[in-house]
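For this one, chain U is given, so just place chain E on it according to the hints.
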Amino acid sequence: MSRKAISLAALAALCVTGLAACGGENDDSKATKKGGATQVAVSMVSGSDGDACELDTDSVAAGPVTFTVKNESAAGLTEVELMDGQKILGEKENLAPGLAEATFTLTLGGGDYEIYCPGATQERVPFKVTGEAAAEPTGDAAELLASGSKDYTTYVRTQIDSMVVGVENLQKAVDSGDLAKAQQAYADARPFYEKIESDVEGFVMDGFDPTDNKGNLDYLIDMRASNLDEAVGWSGFHAVERDLFQAKKITAQTKKYAADLVTNVTKLAEVGKSLEFKPEDLANGAAALLEEVQSGKITGEEEAYSHIDLVDFANNVEGAQQAYAALRPGLEKVDAELVKTIDARFTAVTDDLEGYKDTKSLGGYRPYTAELKASDGKKLSATVQSLQDVLGRLAEKAATA
Amino acid sequence: MSAEPRGFSRRRLIAGAGGGAVVGAAVGFAGGRAASPAQASASDALDLSTAYDFYTGDHQVGIATPPQRHLVFMSLDVVEGTTAEQLKVLFARWSAAMATMMKGDPVGSVEPSRANGVPQDTGEAYDLSPASLTLTLGLGPTLFDDRFGLAGKGPRLLEEIPRLPGDELQAELCGGDLALQACADDPQVAYHAIRGLTRIGRGLVTTRWTVLGFGRASAGKGQKTPRNLMGLKDGTRNIKTDEELDEFVWVTDPDEPAWMRGGSYLVTRKINMDIEVWDGTTVETQHATIGRDKGEGAPLSGEKEFDTPDFKAVRHGEPVIDPTSHVALAASENNGGAKILRRGYNFTDGLNSLGQLDAGLFFIAFQKDPETFVDLQRKLGRVDLLNEYIAHVGSAIFAVPRAPRSGHFLAQELFG
Numbered sequence: 001m002s003r004k005a006i007s008l009a010a011l012a013a014l015c016v017t018g019l020a021a022c023g024g025e026n027d028d029s030k031a032t033k034k035g036g037a038t039q040v041a042v043s044m045v046s047g048s049d050g051d052a053c054e055l056d057t058d059s060v061a062a063g064p065v066t067f068t069v070k071n072e073s074a075a076g077l078t079e080v081e082l083m084d085g086q087k088i089l090g091e092k093e094n095l096a097p098g099l100a101e102a103t104f105t106l107t108l109g110g111g112d113y114e115i116y117c118p119g120a121t122q123e124r125v126p127f128k129v130t131g132e133a134a135a136e137p138t139g140d141a142a143e144l145l146a147s148g149s150k151d152y153t154t155y156v157r158t159q160i161d162s163m164v165v166g167v168e169n170l171q172k173a174v175d176s177g178d179l180a181k182a183q184q185a186y187a188d189a190r191p192f193y194e195k196i197e198s199d200v201e202g203f204v205m206d207g208f209d210p211t212d213n214k215g216n217l218d219y220l221i222d223m224r225a226s227n228l229d230e231a232v233g234w235s236g237f238h239a240v241e242r243d244l245f246q247a248k249k250i251t252a253q254t255k256k257y258a259a260d261l262v263t264n265v266t267k268l269a270e271v272g273k274s275l276e277f278k279p280e281d282l283a284n285g286a287a288a289l290l291e292e293v294q295s296g297k298i299t300g301e302e303e304a305y306s307h308i309d310l311v312d313f314a315n316n317v318e319g320a321q322q323a324y325a326a327l328r329p330g331l332e333k334v335d336a337e338l339v340k341t342i343d344a345r346f347t348a349v350t351d352d353l354e355g356y357k358d359t360k361s362l363g364g365y366r367p368y369t370a371e372l373k374a375s376d377g378k379k380l381s382a383t384v385q386s387l388q389d390v391l392g393r394l395a396e397k398a399a400t401a
Numbered sequence: 001m002s003a004e005p006r007g008f009s010r011r012r013l014i015a016g017a018g019g020g021a022v023v024g025a026a027v028g029f030a031g032g033r034a035a036s037p038a039q040a041s042a043s044d045a046l047d048l049s050t051a052y053d054f055y056t057g058d059h060q061v062g063i064a065t066p067p068q069r070h071l072v073f074m075s076l077d078v079v080e081g082t083t084a085e086q087l088k089v090l091f092a093r094w095s096a097a098m099a100t101m102m103k104g105d106p107v108g109s110v111e112p113s114r115a116n117g118v119p120q121d122t123g124e125a126y127d128l129s130p131a132s133l134t135l136t137l138g139l140g141p142t143l144f145d146d147r148f149g150l151a152g153k154g155p156r157l158l159e160e161i162p163r164l165p166g167d168e169l170q171a172e173l174c175g176g177d178l179a180l181q182a183c184a185d186d187p188q189v190a191y192h193a194i195r196g197l198t199r200i201g202r203g204l205v206t207t208r209w210t211v212l213g214f215g216r217a218s219a220g221k222g223q224k225t226p227r228n229l230m231g232l233k234d235g236t237r238n239i240k241t242d243e244e245l246d247e248f249v250w251v252t253d254p255d256e257p258a259w260m261r262g263g264s265y266l267v268t269r270k271i272n273m274d275i276e277v278w279d280g281t282t283v284e285t286q287h288a289t290i291g292r293d294k295g296e297g298a299p300l301s302g303e304k305e306f307d308t309p310d311f312k313a314v315r316h317g318e319p320v321i322d323p324t325s326h327v328a329l330a331a332s333e334n335n336g337g338a339k340i341l342r343r344g345y346n347f348t349d350g351l352n353s354l355g356q357l358d359a360g361l362f363f364i365a366f367q368k369d370p371e372t373f374v375d376l377q378r379k380l381g382r383v384d385l386l387n388e389y390i391a392h393v394g395s396a397i398f399a400v401p402r403a404p405r406s407g408h409f410l411a412q413e414l415f416g
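These protein sequence lines are chains U and E, in that order.
By full-length UniProt numbering, the letter at position 149 of the first sequence is numbered 149, and the numbering carries on one by one without gaps.
By full-length UniProt numbering, the letter at position 168 of the second sequence is numbered 168, and the numbering carries on one by one without gaps.
Careful, some of the hints might be misleading.
Said to hold, decoys possible - Taking lysine to any residue pairs in the SDA-like style, the calculated list, with each CA pair at most 20 Å apart, reads:
no. : chain 1 : residue 1 : chain 2 : residue 2
1   : U       : 87        : E       : 117
2   : U       : 379       : E       : 117
3   : E       : 88        : E       : 77
4   : U       : 379       : U       : 294
5   : U       : 92        : E       : 89
6   : U       : 340       : E       : 204
7   : U       : 267       : U       : 396
8   : U       : 92        : U       : 57
9   : U       : 87        : U       : 104
10  : U       : 378       : E       : 170
11  : E       : 294       : E       : 385
12  : U       : 249       : U       : 184
13  : U       : 340       : E       : 88
14  : U       : 378       : E       : 79
15  : E       : 240       : E       : 227
16  : U       : 373       : E       : 207
17  : U       : 340       : E       : 84
18  : U       : 379       : E       : 142
19  : U       : 150       : U       : 270
20  : E       : 294       : E       : 274
21  : U       : 340       : E       : 85
22  : E       : 379       : E       : 160
23  : U       : 340       : E       : 80
24  : U       : 379       : E       : 147
25  : U       : 128       : U       : 41
26  : U       : 181       : U       : 245
27  : U       : 379       : E       : 210
28  : U       : 340       : E       : 79
29  : U       : 373       : E       : 208
30  : U       : 92        : E       : 112
31  : U       : 378       : U       : 304
Simulated from the structure, these hints should not be mistaken for lab results.
Chain U on its own, in the form it takes in the complex (with noise of 0.2 Å):
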């Protein structure tokens, strides 16, 4: 233990006898207030045992509670939280040393807190608010954040129905062995399943073993060339994409694929009626959206026969920004910095995308080919990696509201 926890540790035990030095009910003198609100200072310093983060009074009365957080000179550490259980009630982030302090304020009921500062020696600092406890703090966050998940269930439903009937036109397009129609209707089906793809993945149909990629509507639906499954073959969107595109010819097999597919998103449907998604789900689905961008959009991948990669880049974004959007009202609430971050990137991203819209291209984006990638590849990656870096961060605020 070190010298700092056996000092706080200590401090502890004295106030259980009741000495009016260690502050509480009878005694809060010791911290200050300003305009109302009672002032506690967070100090980050570099000690001797690593670095701490030390508070100038560790009880106050419930109320107004002003934190006034400065790194003076503790290099590993850049952020503190105050903490109600597995709660996160107020946080101050990108603090260093050199930098201003920082300040976040709250109203507080009694109970017992804790100041975590990842990465201190002690990393959990125990403080104590005396008088009555509050009702839920930010119950209102969680209210939000709630309904909006409620709201996002009914958007993923309506995608999917969508994509019934985009599907549907598909095979219609491709039963009437019009190929350009077909092409057409392929780029049109893409978006709504690109949206809402972190939401289906890995749906396994009833009676199916979760190893056996048959019994995997995703995989069924969407696999690719780079993950094909020998034991269950090509099927799904990318099978009719290579015909459309590639061997430019409508066949019986690509009637049958085109089929398969109705089938599939049907099922996909069907089971897409009793989804209910958490805060957490949607946070962590709208960073799974990206990273799709990232490991199969900007690498042309994805649609290596028809080149509208920029089309799926377009809808996986729209997706994670509906989900994201869902979550505002109450992450705002949260962390007002964050959704100020968040809001900025994703405008950075849609911005960059609307350079390549194209309405004479199929699907409304300039397709995307090597020479594309070669040159804008790189500048594409870097703003999606810093949109889905912050998105990263959402979940965990989302499931601790």
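Coordinates of chain E only, in the frame set by chain U:
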């Protein structure tokens, strides 16, 4: 998760080249005769527990620091629209992260206590020793254009390197708003550091080009002269004393911004070697090209590596050291006494499009006035015999601010 205190590492001591088991088994340069290479000096052994202090308040590490075995160098561009305030926070976070990583500690948690948490540190250097990691920040001339509110705040002598004779520069290997140099005796420690710093910068900076260097190609104080990929000792006459550093490397000009005084100007050149062609040349040609012999590294006018070259020496009516040899052209005697601190690394990028070894020297030089390098290279680029075997394909210049004191960050005064 808090960092474990770092004890005596299992991997602490690794003998340097020429030390330990290598001795005796090695074959000398001359005709297969068994000859022990010179014993490594004590400081050529690697002590992986060595850690440098970031907060020196004086010169940044990674300049006068004896070169470590591995390098990861990255040039970055600041994203359009980034504000000076955002850059300030980035520099503060980078500084803190650099200080932490140089101690061998992770930056934040490797394993967050909450399952929903994304690890702050990627973890691949966890439990590895500090390995003499040094992290050095450089600021490029383009940082001080009018995009980020920094115009007019740059160091006086920070200007793009002009086009030099013989340059075969590729735009994608040149320039950059910022540079991060990581040097360490464990390649993974250096890589982790750059990865972590670029991760902190995502959204504000994008990567422009990078070089992975190995087998340091320049010696520092107390180090045996290393060899470049031509098999030649490189940097025998490098700057090694504090007096020379003061005279040639550290910026002292009172007209420079305060944060630049005690700093230096960093010039990088990516130099491709025609490895296969060089490998097919006779040793006599190799000697004549460089102006030194290969095994000992002695000037052709002398016998021992550190013999002072005699550029006036004549044999059979011909100069012993060709005046267009690399050594003759680069010698301070022939350049008005000018010296630069070289801190280069060998690099390889595998194979080029023709199936040839894609490798060479990532030249790094520090000097108080970039013009010193420009003058030198202007001369070398025109007539150096070595030019037949090399091509300069990348070029960049960065201002290296002085190091902050504890509680501060790099170039803090820039944002005052």
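query = What hints, given by number in increasing order, does this structure fail?
reply = 2, 7
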